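Asker: First to last, the sequence lines map onto chains G, E, U and B.
Note that the first sequence covers residues 22 to 380 in the working numbering.
Note that the second sequence covers residues 22 to 380 in the working numbering.
Note that the third sequence covers residues 22 to 380 in the working numbering.
Note that the fourth sequence covers residues 22 to 380 in the working numbering.
Be aware that one or more of the hints could be misleading.
No distinction is drawn between identical chains; accordingly, a pair holds when it is met within one copy or between any pair of copies.
Derived SDA-like pairs: lysine to any residue, alpha-carbon spacing no greater than 20 Å straight-line [what the hints assert, rightly or not]:
no., residue 1, residue 2
1, LYS63, ILE282
2, LYS63, GLN81
3, LYS302, TYR289
4, LYS114, LEU225
5, LYS146, GLN170
6, LYS186, ARG207
7, LYS209, ASN194
8, LYS112, PHE125
9, LYS209, GLU198
10, LYS165, ASP373
11, LYS165, LEU200
12, LYS302, THR221
13, LYS197, GLN81
14, LYS197, SER72
15, LYS63, LYS235
16, LYS208, MET299
17, LYS112, MET299
18, LYS118, ILE368
19, LYS197, THR375
20, LYS114, MET374
21, LYS302, VAL285
These aren't lab readings, by the way, just hints derived from the structure by calculation.
Source: prediction; values computed, not measured.
Number of protein chains: 4
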Amino acid sequence: MTVSALDHPYLKDLLGHDEVATFFSVEEDITAMIAFERALAKVEAEEGVISTDARDAIFQALDNYSLDITGLRVATARDGVVVPELLRQVKEKLALKFHSALHFGATSQDIIDTSLSLRLCRASKVIETDLTGLIEDLEQLSRKFGDHQIIGRTRMQRALPIPLKHRLDSWSNPLKELLSQFTVVRKKVSVLQFAGAVGTLENLGESAEQVRAKLAAELNLLDSKGSWHTNRRGLVSFANWLSELSGSIGKLGQDVIQMSINEVHEVYLNGGGGSSAMPHKQNPVRGEVLVSLARFNAMNVSGMHQALVHENERSGSSWTLEWMILPQMVVAGAASVRRARELLSQIEDIPDMTEIVSE
Amino acid sequence: MTVSALDHPYLKDLLGHDEVATFFSVEEDITAMIAFERALAKVEAEEGVISTDARDAIFQALDNYSLDITGLRVATARDGVVVPELLRQVKEKLALKFHSALHFGATSQDIIDTSLSLRLCRASKVIETDLTGLIEDLEQLSRKFGDHQIIGRTRMQRALPIPLKHRLDSWSNPLKELLSQFTVVRKKVSVLQFAGAVGTLENLGESAEQVRAKLAAELNLLDSKGSWHTNRRGLVSFANWLSELSGSIGKLGQDVIQMSINEVHEVYLNGGGGSSAMPHKQNPVRGEVLVSLARFNAMNVSGMHQALVHENERSGSSWTLEWMILPQMVVAGAASVRRARELLSQIEDIPDMTEIVSE
Amino acid sequence: MTVSALDHPYLKDLLGHDEVATFFSVEEDITAMIAFERALAKVEAEEGVISTDARDAIFQALDNYSLDITGLRVATARDGVVVPELLRQVKEKLALKFHSALHFGATSQDIIDTSLSLRLCRASKVIETDLTGLIEDLEQLSRKFGDHQIIGRTRMQRALPIPLKHRLDSWSNPLKELLSQFTVVRKKVSVLQFAGAVGTLENLGESAEQVRAKLAAELNLLDSKGSWHTNRRGLVSFANWLSELSGSIGKLGQDVIQMSINEVHEVYLNGGGGSSAMPHKQNPVRGEVLVSLARFNAMNVSGMHQALVHENERSGSSWTLEWMILPQMVVAGAASVRRARELLSQIEDIPDMTEIVSE
Amino acid sequence: MTVSALDHPYLKDLLGHDEVATFFSVEEDITAMIAFERALAKVEAEEGVISTDARDAIFQALDNYSLDITGLRVATARDGVVVPELLRQVKEKLALKFHSALHFGATSQDIIDTSLSLRLCRASKVIETDLTGLIEDLEQLSRKFGDHQIIGRTRMQRALPIPLKHRLDSWSNPLKELLSQFTVVRKKVSVLQFAGAVGTLENLGESAEQVRAKLAAELNLLDSKGSWHTNRRGLVSFANWLSELSGSIGKLGQDVIQMSINEVHEVYLNGGGGSSAMPHKQNPVRGEVLVSLARFNAMNVSGMHQALVHENERSGSSWTLEWMILPQMVVAGAASVRRARELLSQIEDIPDMTEIVSE
């Protein structure tokens with residue numbers, strides 16, 4: 022099924038990013054959720070919250086349960102979350118006496134949010150690598166053509182000559198800033214969620230802080246030192262960053278489109294897009310797509326901010342809204358970096374206009 | 022792959038609508054595009070624009086070509102549209118002398134937009150049926166409990182008693198209006214696109230009007246009497262309607278949530294959502310989801326309006342942006358109707374508060 | 022104070038529309054609210070709901086009360102609506118025995134919504150006249166230059182020659198459609214609100230329908246035949262229309278900008294915008310502004326759809342949200358029509374490119 | 022004129038923030054622009070870029086020119102920016118030989134952006150003080166009632182008891198984070214813009230860096246070390262922060278609304294909003310307004326991100342779009358802090374539910 026253009030069989034190399042999309046597959050999600058339960062059992066046994074027998078039984082059940090996706094789907098439609106049914110499936114392989122030890126002290130939001138954190142960490146690495154590559158591509162372009170003179174344009178009119186380097190800097194500077202800020206932004210979504218039914222870890226008594234700290238370490242995540250069940254600013258910061266990323270790259274795309282207008286012809290692209298009616302045309306397809314992705318994320322960021330109005334100790338409405346928006350922002354952001362690199366690789370020449378501009 | 026929660030293996034019965042999602046599958050899309058080419062060849066042969074030999078050869082090629090999805094994906098990343106490669110695959114089964122007769126006079130946007138129209142028509146029927154059912158459900162509820170007194174509330178405070186019928190009317194009246202307006206709105210997206218490379222059907226000469234009219238009839242679509250390559254208001258009207266639909270249903274969802282607050286307890290739901298930490302809870306999951314879907318479409322509608330700025334005779338950026346937004350709006354709109362029906366079916370009682378309200 | 026660029030002392034001729042902005046002044050708002058109370062008293066006296074003595078006393082109080090804006094502001098911050106304090110000010114000139122006859126059966130939302138309806142009616146007339154003028158301007162342009170050949174462009178690349186008329190039709194066709202649909206859309210906001218505290222006109226007993234019908238007639242508005250306290254689709258339809266209007270005009274603006282690129286030079290504008298650093302430049306300022314206004318309304322329309330989730334019998338949150346958004350959409354929509362007319366009047370020539378395109 | 026509810030004569034104490042709104046008045050804007058020109062002349066004379074005679078003459082002209090707002094309005098409609106006409110008015114008091122020394126090397130965007138920076142700095146101080154106060158208010162509330170038990174609620178259903186402190190922390194923690202991050206965010210908009218016609222300070226030769234550094238110091242702004250004509254991420258970061266602020270406070274507002282439902286009655290407010298039809302009601306008006314402001318800014322943030330697609334060396338369309346959006350975001354953000362403080366001051370009691378929750 023292909024409601025989303027971002028993971029659509031024939032559109033996904035135009036609009037998506039396969040590697041990053043994988044992190045939003047059910048397989049990766051369930052693997053991460055099972056990893057959460059395993060780590061929780063391990064740490065709770067260490068802290069004497071559950072018995073080591075319980076831990077061992079849980080490990081075995083997590084290794085051997087039969088995943089029933091249809092069952093998950095049916096139950097999720099009823100429960101609003103996948104977790105109760107997933108645990109029920111695991112418990113089928115777990116002796117009754119250990120049932121209460123599984124997922125002890127945790128709530129559905131803990132495991133779902135943590136699964137997201139684990140996968141955003143991995144997606145972030147891919148995006149960071151791509152972005153570093155894009156910045157290098159731009160530096161290479163600058164070394165190649167940076168001292169060419171082009172015509173600076175303001176308000177869509179010819180203004181004064183500028184070195185191409187100045188235009189290229191206007192593309193790469195925001196990206197360098199975004200890359201350097203990503204260290205902070207990534208951390209905001211690399212955070213364990215473990216807070217229990219109402220955010221107070223009420224079942225863990227005095228072990229609460231210790232279990233949470235060790236669980237975070239076990240999962241290679243940061244310890245939130247409390248609940249972020251309703252404080253969704255980490256995810257919103259990530260969404261802001263993604264939209265600033267695709268927005269900044271959208272400027273690059275728009276510029277290349279404008280430079281490739283036939284009469285302007287400041288850039289020579291190879292391998293432009295073909296047309297079914299006019300085979301001679303060379304359309305600056307990837308430039309256009311960069312603008313589409315920028316506008317798509319600029320729209321989506323609004324929904325993430327709407328979801329900040331998160332009532333009481335857990336808002337089903339706002340939380341569910343995030344699920345519909347954030348994954349597509351991550352993939353669109355990643356795609357815009359990848360498409361930009363492809364676009365730059367198509368640039369054959371940006372001719373020196375010194376003679377023309379000195380007219 | 023499951024970037025979109027709307028067609029996600031375990032979320033889709035919570036947030037999606039399987040039947041409607043099918044219309045956005047690649048299979049349905051390609052089937053519709055092939056139908057376009059077939060109808061075009063048929064009509065153009067009738068009008069003497071292409072030969073009957075060409076038509077027969079085209080029919081045979083369309084029946085026998087080997088669909089290569091990987092090829093489509095690779096080419097779409099380059100061309101920005103699937104059509105040139107799809108035609109190339111068809112032409113492999115077509116004698117060279119007939120190549121120019123295939124897709125004669127048409128452009129990629131003609132076939133892609135028309136494929137969308139064909140599928141939106143079918144999705145509309147499903148949505149209309151569901152919406153009619155939802156309105157009937159509300160009428161049934163009104164017959165059952167409509168004369169019960171409940172407490173009218175304004176600005177979240179108890180105001181004065183009202184008959185439940187008044188509240189139910191505030192749910193069903195917007196839906197009745199939307200259903201009655203759908204006749205017009207549906208027509209706006211049941212329109213053939215056939216305008217050629219730059220919107221003037223320049224290759225068809227004096228046959229242009231006739232071919233277009235007959236092609237529309239052949240495909241059971243309306244004749245646009247011109248190009249809508251850049252006039253995207255039909256799609257925007259459809260998007261508006263979808264967001265008004267999920268928004269109006271979001272009000273219903275929010276009301277049911279408020280009525281199900283434990284202390285208020287104006288509605289008794291069965292089969293509410295379970296919780297992993299607190300199995301006793303009955304969460305009004307579908308009510309919450311209705312609010313999420315409403316906010317999701319209210320966000321998306323903005324992107325469709327942004328895409329109205331559609332430069333020149335075809336804007337790659339704006340057109341591509343539609344592809345990322347409209348399908349998910351259709352599925353979210355359809356899902357909100359379906360989820361509302363499920364929610365209403367969970368209502369066991371809305372007790373008469375006459376004694377309480379007359380305190 | 023000038024938080025809004027649309028009624029800013031030096032930006033308003035660039036971004037606003039003075040005549041339409043006037044309808045959102047406090048003066049016009051209060052005049053409309055007083056007209057509502059007068060009409061209500063008149064009709065209720067006719068129907069025997071209040072005495073003719075009460076009516077006469079109310080008329081006199083409405084003529085003679087001392088408007089205290091500071092008092093309104095202080096009270097509105099407390100009450101969330103201006104009405105209780107406005108009525109208190111009127112009651113200072115009204116004998117105590119008639120106090121209960123003033124505003125009898127009405128609620129704050131009735132008078133505030135109706136005041137908006139009255140003013141949107143008047144704004145609609147101005148917009149309709151301007152839009153009719155814009156369409157005529159385009160027809161005149163078409164008569165002047167329509168048979169010139171220009172270069173059709175798709176995906177930002179030269180495609181095939183088209184007659185300018187085709188491009189101009191792509192500007193005027195959506196506007197003609199919008200004008201023709203405006204008859205329906207205008208009616209949706211030309212509707213009386215009169216429904217009482219919880220939407221049931223509970224205080225008017227059997228006279229309710231009659232009073233509402235006569236009140237509508239008295240105010241030259243349509244009778245809603247019920248409450249639209251929570252059914253805000255009329256306002257949303259108006260917002261959709263405004264954003265489709267500025268969006269369609271944004272396309273025109275974007276096209277003119279592209280045509281005025283120096284190397285392209287398909288359009289000759291006089292009186293372009295000056296620059297502080299480069300006095301020789303002629304910036305296509307109004308074209309750019311048309312794009313800004315389009316994107317502004319495309320953003321705002323999202324907020325109006327968010328406000329559809331309107332809980333219970335009156336949602337303070339959603340209703341207040343409309344107040345922040347709709348006025349600026351109306352003025353931005355009106356401004357885009359006005360600016361487009363000004364832009365067209367700057368067009369000196371769109372040269373015939375026949376020789377160039379036949380190269 | 023009152024298109025904007027945020028500076029509307031009777032709505033502004035409900036929805037606006039007078040002190041912060043002042044920074045967007047024409048007076049403050051022009052004062053800041055004149056300060057820019059004065060500082061520029063001072064620094065350029067120091068650096069020998071203009072003569073000291075020119076500087077003195079410019080100082081005198083800036084002190085004595087006759088501001089003609091009507092002239093500014095008319096010219097801005099033509100030029101798209103106020104600067105050329107403002108300079109023309111100043112030049113009326115300046116000997117012809119010094120005309121070229123005024124505004125030397127600068128462009129309209131330099132002065133307009135810098136004026137905005139200067140005023141955002143001042144607005145930031147007010148917001149920071151208010152936000153600090155709000156956090157203190159919450160701490161005081163926590164000291165007063167923090168150990169009371171209330172009922173934790175998830176997905177709108179009673180879950181488990183929590184100390185009120187936990188709920189209050191969920192309100193104040195995001196605000197504390199936002200306050201601590203504001204140090205960085207404020208700096209991003211406390212930046213001089215001085216880059217010349219196309220962003221390269223081409224007229225200043227070797228003095229460019231030095232003049233820019235000194236000009237920044239003179240105006241108490243940071244030196245951008247280059248142009249941010251097209252890199253608008255500083256403003257977007259500020260917009261993100263404002264929307265996260267009003268969004269986080271919207272959660273507080275929504276919670277108070279839910280706690281004040283009659284049957285729930287977890288909070289006792291004094292001085293709630295009155296109703297024209299039901300004088301006995303106490304509406305949680307400020308709670309509702311907090312939700313409206315949150316949704317308003319969540320919508321607006323989308324437009325700021327759309328404006329990131331900023332083509333070439335200056336985009337009239339994107340830049341102008343910022344003018345319509347950012348001021349209202351600043352005022353709405355500031356208003357949400359102020360309104361939250363007022364709301365908290367209305368809280369008379371949040372009773373201990375220990376007995377009830379232990380049922």
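Asker: Each hint needs a verdict: does it hold in this structure or not?
Answerer: Hint check results:
no.: 1; hint: LYS63 - ILE282; result: neither (62 Å within a copy, 38 Å between copies)
no.: 2; hint: LYS63 - GLN81; result: within (12 Å within a copy, 64 Å between copies)
no.: 3; hint: LYS302 - TYR289; result: within (13 Å within a copy, 27 Å between copies)
no.: 4; hint: LYS114 - LEU225; result: neither (25 Å within a copy, 67 Å between copies)
no.: 5; hint: LYS146 - GLN170; result: neither (36 Å within a copy, 43 Å between copies)
no.: 6; hint: LYS186 - ARG207; result: neither (30 Å within a copy, 29 Å between copies)
no.: 7; hint: LYS209 - ASN194; result: between (23 Å within a copy, 14 Å between copies)
no.: 8; hint: LYS112 - PHE125; result: within (13 Å within a copy, 62 Å between copies)
no.: 9; hint: LYS209 - GLU198; result: both (17 Å within a copy, 12 Å between copies)
no.: 10; hint: LYS165 - ASP373; result: within (11 Å within a copy, 40 Å between copies)
no.: 11; hint: LYS165 - LEU200; result: neither (23 Å within a copy, 45 Å between copies)
no.: 12; hint: LYS302 - THR221; result: between (62 Å within a copy, 18 Å between copies)
no.: 13; hint: LYS197 - GLN81; result: neither (47 Å within a copy, 43 Å between copies)
no.: 14; hint: LYS197 - SER72; result: neither (50 Å within a copy, 39 Å between copies)
no.: 15; hint: LYS63 - LYS235; result: within (10 Å within a copy, 60 Å between copies)
no.: 16; hint: LYS208 - MET299; result: neither (49 Å within a copy, 31 Å between copies)
no.: 17; hint: LYS112 - MET299; result: between (62 Å within a copy, 17 Å between copies)
no.: 18; hint: LYS118 - ILE368; result: neither (66 Å within a copy, 36 Å between copies)
no.: 19; hint: LYS197 - THR375; result: neither (29 Å within a copy, 47 Å between copies)
no.: 20; hint: LYS114 - MET374; result: neither (73 Å within a copy, 41 Å between copies)
no.: 21; hint: LYS302 - VAL285; result: both (16 Å within a copy, 18 Å between copies)
In this structure, the earlier hints numbered 1, 4, 5, 6, 11, 13, 14, 16, 18, 19 and 20 are contradicted, and the remaining ones agree with it.
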